[in-house]
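> Take a look at the letters that make up each chain.
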Amino acid sequence: MVADGSSNELRLGFLTTIECPDGALIGGLLVTNHFGRPLEFQCTTPVKPNRTQEVLYGPTLVPFLLGEVIGRTLVEKMNIKPNLILIEQELAIELQNHISIPVAILSDVAQILEENDSFVCEQVGKNRLRFDACHQAGKTAIENTSKKIPGDADLGEPFERVREALNEAVKMGSSR
Amino acid sequence: MESSEIKLNSERNTPSATSSSGGPHFLPQSLVPNSVPISQADRELFKQQIDSDIVPLLFSTSVFASGMNGALTRKFNLETTSVDLLERAGTLPKWKPTRTRVKTFGMTFPDGMEFIPPKAEKEQDTELTPIKGPEVADSEKTERKKPTRLKPPANALSLEDRLFYLLQPPLQSWLEGQELLMPFEPFPYQYEGIAWLFSQKSALLADEMGLGKTMQTITGIRLLLRSGQIRRVLLLCPKPLIPNWQREFKFWAEELPVTLVQGDSNRRKLIWEMPNTPILVANYESMARDFETMGEENIPRFDLVVLDEAQRIKNRDSRTAEAARSIPRKRSWALTGTPIENRHEEMASLFEWMEVVPPRATPDLRQLQVLSKEFILRRTKDLVMTDLPPRLDRPAYLDLNPAQQHAYDTAEKDGVIQLNEMGDSITVQHVFELVLRLKQITNFDPVTGDSSKLDRLEADMEEIAASGGKAILFSQWTKPLDLMAERLKRFGTLVYHGGIPTKQREPILDQFKHDPDSHLLLMSYGTGAVGLNLQFAGYVFLFDRWWNPAIEDQAINRAHRIGQKTQVIVTKFICNNTIEERIDMVLEQKRELFRSILGDGDTTCESRSLTASEIFGLFDLKQKKGDVTKKIAPQAYQKPAA
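These protein sequences, in sequence, are chains A and B. Number 55 in the numbering used here belongs to position 55 of the first sequence; there are no gaps in the numbering. To get the numbering used here, take the position in the second sequence, counting from 1, and add 176.
One thing to keep in mind: the hints can contain errors.
To be verified - Partner residues aside, some chain A positions facing chain B, computed with beta carbon under 10 Å:
{"no.": "1", "residue": "Phe35"}
{"no.": "2", "residue": "Pro38"}
{"no.": "3", "residue": "Gly58"}
{"no.": "4", "residue": "Thr60"}
{"no.": "5", "residue": "Val62"}
{"no.": "6", "residue": "Leu65"}
{"no.": "7", "residue": "Leu91"}
{"no.": "8", "residue": "Ser100"}
{"no.": "9", "residue": "Ser146"}
{"no.": "10", "residue": "Glu157"}
{"no.": "11", "residue": "Arg161"}
{"no.": "12", "residue": "Val162"}
{"no.": "13", "residue": "Glu168"}
Unchecked claim - Derived pair list, reagent style SDA-like, types lysine to any residue, alpha-carbon separation capped at 20 Å:
{"no.": "14", "chain 1": "A", "residue 1": "Lys171", "chain 2": "B", "residue 2": "Lys748"}
{"no.": "15", "chain 1": "B", "residue 1": "Lys506", "chain 2": "B", "residue 2": "Glu361"}
{"no.": "16", "chain 1": "B", "residue 1": "Lys327", "chain 2": "A", "residue 2": "Lys147"}
{"no.": "17", "chain 1": "B", "residue 1": "Lys748", "chain 2": "B", "residue 2": "Leu664"}
{"no.": "18", "chain 1": "A", "residue 1": "Lys171", "chain 2": "B", "residue 2": "Leu664"}
What the hints contain is simulated information worked out from the structure, not anything from laboratory work. Even glycine gets a Cβ: it sits at the ideal position worked out from N, Cα and C.
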C-alpha cells in the first residue's frame, strides 16, 4: 500500500504514548524510511479523560484513547503516510478499526507465547510483529516490510526516540 | 413510567370486586378490561364510606439530568501540534554526491577525479554486507556496545530544533545503512565523538594523537552533508598534511568529492569561487594569502570550517589567525591533539576563532574550564584505548665519547664565560644559541663526527633489523639525519624531512611501509611529527630532545596509534652530565601547570616549553660587579623560546 502514491519507498510509522505526571496521555507518531531515518513526526497535546469518562468508558477507555483519540488523530495529521504502523502498546491495536493503514504490534517473547488465533506473527528484522489475522492488507504490508528491512534491524529502537521526544515535549511544555 | 390514575380505596376489600376482576385489584375500573362494572349503589356506598372522589395523580417523569449522557456524546478536546522536522525536505538530500560529482568534478577538477570511484565499483556496493568491526569477535564486547544517540546541543532552544536531534537514529544504525558504508566499524568513543561533532556549532576536538580525529571529522562532515545540514566545507591544514587528508577522505568517505585549493593564484581564485564544491582543502598559508588579496567582503562563505592542527592559530595576532577569523561560516571545528603547547592564553585564541568568546577576550583559568567543558572534547589513550598495546618509554642515558666530551666541556666553558662577560646585555637569544651548540655536540662531535648516540643506535638497529622490525627516528636537525643515513645504509635507511620535495615524500613512506628490507626511517620533528600514520613501526628513537614534550608525543604517536599491533618501544637518548639531562629535568617538572584546564587523565599536552627564565636557569650565569656577584636573569617578560 502506498499511502500518498508518490513513492514506493517503505515508510514505517512508530506510534506510542507516554503518561505525564498528572496522568494525561501524550502520543507521538514517527515516520521513518527503511533505514530508520526520520521523515516526519507528530505529537499530541496531553489528553486527560475526566472522571465521568473514566467511569463510563471503564476498561474500554484506554484502547479508545490510544487508538481512536490519539492514534487516529495523529495518522490523519501526518503529511507522509506510513505503509505500516507499529505499536508497542497492545491496547492501541484499536487503531486498526479506524484506519486502513495496517497496524502491527511489536511483540516480545512473552506476548508471542500468549498469542491466539486472531493474530498472526511474522519475523521482521530482529523482532516479531503481530497483526490481526483478518486484515489482509496487513499481511501484505508486513511481507513487503520484511523484505526491505535488514535482518539485524531493531524495530524497537525508534520507539525509544519517540518516547524521548515526547518527554522533551512535556518538559518544554511544562517550562513554558 | 407513564402517568397513572390511582383510586384511593384503602377500604376496598369487597369479595365480589376482587373475585370478579381479571386484573390487579388496585387498578381503576377502566383499566381492567374484564372487570364487572361497579353498580351505582356501590359507588354511592363507597362515597359515603370514604367521603371522597376518585383523585387522579399525574406524575410527569423524564430523564434524570445527571449530565452523564452529555459526557458520552461530548467530544474530547484534542489539539495536535505539528512538528515538521527540519529534515523533512532535506532528509533525502537534494545534493546527491553520486550524481553531482561526475558532472562537476569530472569536467572541472582532474585532481579531484582520483577520489571518485568508478561507477562499476559503486554498483558492487549493493552487494556489500553491513560493516563489522575488526575487534568485535568477543561476545562480551558486543553486548557492551551501547548505541550512540545524538544529543541536542545546549544552544538548541526550540522544540523543533531539539526534536531534530532526538529523533535521529543511533549513529551505529545510521552508519550501517547501505547509504553510508564504512571501511571499519568505529570504536565506541569515536561514535561519541562523531555524535558530538554533529551537534556542535563550535567544537574543539582535542583527542590525543592517534585516536582518530581525522576519521571522526570526516564522518561528521559526511553525516552533515548527507542530512542536508551543510553544503560547503573548508578544511584548512598544514601543507604537508594535505595528501594525508586526501587519502583519509578516500578511505572513509569515498563518495565525497574533495577539491584541493592549489596552483597559481589565478587558479586558486577560480577554485575559491567555484560553486558546487562541497569540500575544499587548503593549506593555511595559501588561505591567508588568498583571502588577504580578495578583501574581506569577497571571502567565500562556508557552512563549516575545520582547522586541522589548530594550534597554528594559537597566536591571535598572527596573519593566519586573523585570516581564519575572517572567514564567514556557520560552524567552526578545530582539531588538535595539543590544545595548549605553551600558555593557556593560546586557548583564548582558539575560542575566539570558534566564536564562543568575544573578540580580544582574555578568559581566566576558571572561565576556560567552563568553556572547555562545553566546547572541548578530549579523550586520552589511557581512557579509551585500553586494548592499544602499551608504549614503553626507555630513556637511554649515555656517556659522551671522549672526543665529544672534550668538545662539549670546552664549548660550555667558553660559552658561559662569554655570556657572563656580556652581563646585563645578555638576551635569551644568546643563551639559546649556546644551548643549541651544546645539543649539537651531544649528537655528533663537530670535528671527528663521533657520536655515542649513533653507536648505540647502530647496536639497537642490528637487533631490530634482524627481527624484521621497523623503527622511526626523530631529530631536531636535518643535517645529522643525512649523515646518519649514510652510516646506517645497510638497514635500508630512508630520510624524510623538510628538505625532501613534497612530491617525493609519499613514495618514501610507501617504500618504508612495504619494503621488507627497509628498517629505519629518519625524520625531523618539524616534518614528521604530525599527521602521519606509521603504526607498522614498533620502535621510536628520539635522537635529541625537543623543547616541548607535546611535540615529542606527537612524534611518538606516529607509531603508537590505532592499528598498532605490538608494543611501541620509545628510546630517548639523553647524554649524562650535559644540557640534555638538565632540559629533561626541567620539562619533567612542568607537567602540573595546565592539568586543571583539561582535567585529569591528560598526560601529554599540559607541558610547556621552556620559558626565557628557564633557559637562563640551565646555566649558572653570574655577573661580577666589584665584590658583589649578581645572578643574571631576564629583566622583563620574554617570549618562550619554542
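> Hint by hint, note whether the structure agrees.
Hint check results:
1. Phe35: Result: holds, 4 Å to nearest chain B Cβ.
2. Pro38: Holds: closest Cβ of chain B sits about 4 Å from proline 38 of chain A, inside 10 Å.
3. Gly58: violated (12 Å)
4. Thr60: Hint violated; threonine 60 of chain A Cβ to chain B Cβ min 12 Å, cut 10 Å.
5. Val62: violated (14 Å)
6. Leu65: holds (8 Å)
7. Leu91: Violated, about 17 Å.
8. Ser100: Since the shortest Cβ distance to chain B is 20 Å, the answer is violated.
9. Ser146: Nearest chain B Cβ about 17 Å off; hint violated.
10. Glu157: holds (7 Å)
11. Arg161: Holds - the Cβ of arginine 161 of chain A comes within 10 Å of chain B, reaching about 5 Å at its closest.
12. Val162: holds (8 Å)
13. Glu168: Given a least distance of 6 Å, the restraint on glutamate 168 of chain A holds.
14. A:Lys171 with B:Lys748: violated (57 Å)
15. B:Lys506 with B:Glu361: Violated, because 29 Å separates the two Cα atoms, which is more than 20 Å.
16. B:Lys327 with A:Lys147: Violated, at about 32 Å.
17. B:Lys748 with B:Leu664: holds (19 Å)
18. A:Lys171 with B:Leu664: At roughly 69 Å apart (the allowed maximum being 20 Å), leucine 664 of chain B and lysine 171 of chain A break the hint.
Violation of the numbered hints given earlier is confined to hints 3, 4, 5, 7, 8, 9, 14, 15, 16 and 18; the remaining hints are satisfied by the structure.
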